[in-house]
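If you want the building blocks of each chain, they are given just below.
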Amino acid sequence: MTRLATVPETDQSLRAAIPPTSGTEDLSAPLYVAWQITNECNLACLHCIEESGPGKAFRDELDETQVFAVLDQLMDHEVPYLSFSGGEPMLHPLFFKMVEHVCTRGAQLKIETNGHYLTVENCERMKALGVKAVQVSLDGASSQTFNRMRVRGNFDVTVDGLHNLRDAGVPVEINFSPARFNAHEIGAVVDLAYELGAFSFYTGRTMFTGNAVKAWRHLELSNDRYDAFFDILRAKAVEYRGRMRVYFHEAGLLEELRYRLQHPAALLIVLPNGLVKIINALPFVCGDLRCQSLEEIWANFQRAWKDPRVAKFVEDLASDPSKTKTLHEWVYL
Amino acid sequence: MRLTKFVKFREEKFGGVLFETRSEKVFTLNPTATAVVREVQAGGDEREIIMRLQDRFHAPDGAIEREVLALMADLRQKGLLED
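In order, the protein sequences belong to chains C and L. If you're matching positions, the first sequence starts at 34 in the working numbering and goes up one per residue. If you're matching positions, the second sequence starts at 95 in the working numbering and goes up one per residue.
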């Protein structure tokens, strides 16, 4: 018989996070894969990081064979948590087949959508398949603000979709991107999210990248307005404690990236063509799932975070924050 | 007794991880805690799990039971385990 190794104290046997001494390199595979399954979108949002829109699918997006080969690799390595985003993921012709594949293999799946395809039938189908949560972007508490951010979007259609999710019993999360013309509605949007049955609400600072570069004069918020924005969120987090989680990232991108340099998350970002980025907010690519194994890419991910070019890019952001506009000029590590 | 609906478990060289996917929190487990969670996954109530671990491991009188009950209480308190 094997002797039980030690009599651990609880705080040694179960620690509330990956401790600093136990980084991602100790893990056999990522814990979370965020997959942008297509760059096609029905909307053309002012702030879209991915510059998605109608006709914006990559020419080399993964085909059916490649998609399921990637999914099988992720499932074989017991990646416990995936998200499908885009573009608009529900426009992908294989969307429900992919959802079914992931859920059947036992991983948990979150869908990040603009909410325009959340029909009664689709919501019931996602519930039946076991989707863990659907995150809907709701950038306003009124048609006026929402439709301005979500170019071609429709506030009422999105709210109807959220009702359909709630009625089907699919857990709902709401995401909000602040801009000059909608930040004043933050309190009302949090209230609306709760009324619509959300269990989590997410927001943070809108990034200067993608479509936002061209639309920045409509989007940029002063520090004073961000201060007021986060003050309201702090109050709302208290107000909804125990009923809905209100998450907000007050730190700016630079602070977040400096932290990630020391503590990379066990997260891979997969692009529609199978390229893998180390984090969405940087241009660095650490692999290609069309021709490399997940093991190889995971090992390269560890090396990539230590590459001096990554640290230099992050530090250069301190003197030139506009470097974020080059996120789509991929750098292969 | 089972892991709650949104908790995923994966074994690692150092032990294991529990991933609570609603809050997106990760909890690392040492080999001892991993052995307990593995038995939780295998099924049974608290008493059955303790007996199976006592069959597999030697420890001073009552030590395994104390450890397992303490760990389970912690997992319950963190919302990772349900009856």
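One thing to keep in mind: the hints can contain errors.
Here are the simulated DSS-like pairs of lysine-lysine, each with C-alpha atoms no more than 27 Å apart in a straight line [claimed, not checked]: (1) K160/C / K102/L; (2) K130/C / K102/L; (3) K119/L / K339/C; (4) K107/L / K172/L; (5) K99/L / K130/C; (6) K99/L / K160/C.
Hints in this document: simulated from the structure, not taken from any laboratory. Quantities reported herein were computed from a predicted structural model and do not represent experimental measurements.
Each hint, compared with the structure:
no. : hint            : result
1   : K160/C / K102/L : 19 Å, holds
2   : K130/C / K102/L : 22 Å, holds
3   : K119/L / K339/C : 24 Å, holds
4   : K107/L / K172/L : 24 Å, holds
5   : K99/L / K130/C  : 23 Å, holds
6   : K99/L / K160/C  : 14 Å, holds
In summary, the structure agrees with every hint in the numbered list given earlier.
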